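A.B. asks: Sequence:
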Amino acid sequence: MKRIRLGCGAAWARDRFDHAPDLVARGEIDYLCFDSMSEVTMSAAQVARMERPDAVPYDPYLVERMRPILADCKRRGIRIVTNQGWLDPVAAAKRVTELARELGLPDLKVAAVSGGVLHQSIADLGLTFIENGEPISLSRDKILSAEVYLGAEGIVQALEQGADVVITTRVADACVYLGPLAHEFGWDFSDHHAMARGMIIGHLMECGTQVTGGYFADPGYKEVPDLANVGAPIAEVSEDTVFITKLAGTGGLVSEATCKEQLIYEVQDPSTYYCPDCIADLTRVSFKQAGPDRVQVLIDNAGRPKTDTLKALIGLAEGYMTEEMVLFAGPGALERAELTKEILIQRFDKVGLRAQEIRMDYVGINAVHRESTPALNGDPYEVVLRIAIRTETRADAEKLRREVDPLAVNGTYGTGKWATTSPGSRVRAVVGLSSALVPRKSVPFEVSLHRIAV
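In case it helps, my numbering puts the sequence shown at residues 6 to 459.
These aren't lab readings, by the way, just hints derived from the structure by calculation. Since this is a predicted model, take the numbers as computed values, not measurements. Some hints here could point you the wrong way.
What the hints assert, rightly or not - In silico PhoX-like cross-links for lysine-lysine, where the CA-CA straight-line distance does not exceed 25 Å:
no. : residue 1 : residue 2
1   : Lys293    : Lys7
2   : Lys265    : Lys227
3   : Lys316    : Lys147
Claimed, not checked - What follows is a list of derived Cβ distance ranges for each label pair:
no. : residue 1 : residue 2 : range
4   : Asp146    : Glu266    : 39 to 49 Å
5   : Pro58     : Lys346    : 20 to 30 Å
6   : Glu33     : Pro58     : 40 to 50 Å
We put the CB at the ideal spot given by N, CA and C, even for glycine.
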């Protein structure tokens with residue numbers, strides 16, 4: 006019976022870097038899959054490209070993740086599927102072919118799956134925002150990015166063309182797993198039960214070590230052994246069975262409970278989980294412990310046909326934000342923090358700081374004096390006053406620091422300042438995320454194959 010093993014190399018752009026090499030060396034995997042996105046990833050990439058024209062349009066960690074594993078994956082026949090292409094998967098694919106040349110891999114085939122980036126056209130499609138029903142055209146001047154969650158068809162086409170590495174733009178996270186499964190088992194995209202099976206497997210895997218004990222441990226309630234060395238998950242799939250496991254000798258835990266928590270992670274209605282290639286009913290999924298750190302996933306006809314629309318995330322320019330933190334420690338720390346808050350409110354008014362939102366919080370227990378901090382008994386010994394503002398202009402946002410820095414000589418006794426770098430360095434553009442449903446016919450995709458030029 007055919008059996009395919011898929012390993013999770015990363016669950017987001019800044020996930021750990023040691024999982025992938027370990028999976029390649031010891032995991033006996035057929036596919037190594039990387040999820041490199043959060044909801045705001047591509048909007049942030051658009052902002053970075055506007056502020057720094059030399060910023061790469063793909064995951065800046067692409068080469069750092071590929072370099073240690075590319076040659077071994079090619080030698081072992083392990084195929085790589087990743088959504089690290091972000092805004093320009095073709096540029097990412099070309100960079101990987103350059104890396105292949107450096108590593109002496111002349112026959113490496115790298116495919117790019119492009120499409121769904123609609124920031125230049127979405128305002129003209131007659132669509133409305135899901136959140137408030139307003140026409141998107143009214144926000145035309147604020148649109149920074151707009152990209153659609155693509156499905157797995159492009160990945161399957163790339164694999165059918167013999168790609169060793171498939172690099173996509175935004176696809177639904179689970180599709181980097183559904184694509185290889187659909188390719189290997191010959192699933193038809195009109196078979197919504199098969200699509201749901203692959204999406205559910207991908208959903209369990211997409212957040213990486215969350216299904217092997219990460220983001221699960223709660224000392225005294227849910228114990229996880231050796232969490233510092235938590236192992237990345239492996240999905241072992243045949244036509245009839247699905248198992249979630251991890252590498253032997255790694256820390257963490259694969260149990261029915263870890264799988265259940267991941268199954269409902271970021272899910273609004275478990276019975277109607279909308280995916281690009283189907284609708285999945287997660288209530289038709291159950292788990293059975295099949296051994297130490299090995300759980301069988303039972304999926305009972307969990308699919309319904311896909312919708313006629315795809316979800317688009319739209320990044321809107323919503324001004325700027327910045328934050329500063331002022332530290333107080335010792336007797337009367339809270340009272341001094343409260344007085345500082347009052348002082349700042351008055352000074353903001355004096356300098357005409359126009360803020361859309363101001364938030365001040367008291368945080369901290371032992372960050373300043375660490376081991377010397379007395380046990381909390383009554384008033385806190387230490388308080389950090391966090392001030393965050395959101396403004397329409399960068400100039401207004403920069404006023405926060407110009408009022409916080411002078412507290413060193415114009416504030417209360419014992420005022421400390423959280424170290425920052427140059428003025429304005431903490432000011433950043435605010436990207437607000439909204440969403441819309443885009444007709445599938447308006448969202449084409451393209452697959453291109455790239456190799457070292459001879």
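A.B. asks: Does each hint hold? Answer for all of them.
C.D. replies: Hints and how they fare:
no. : hint                        : in the structure
1   : Lys293 - Lys7               : 22 Å, holds
2   : Lys265 - Lys227             : 14 Å, holds
3   : Lys316 - Lys147             : 19 Å, holds
4   : Asp146 - Glu266: 39 to 49 Å : 42 Å, holds
5   : Pro58 - Lys346: 20 to 30 Å  : 40 Å, violated
6   : Glu33 - Pro58: 40 to 50 Å   : 44 Å, holds
Comparing the model with each earlier hint shows a violation of hint 5 alone; every other hint is respected.
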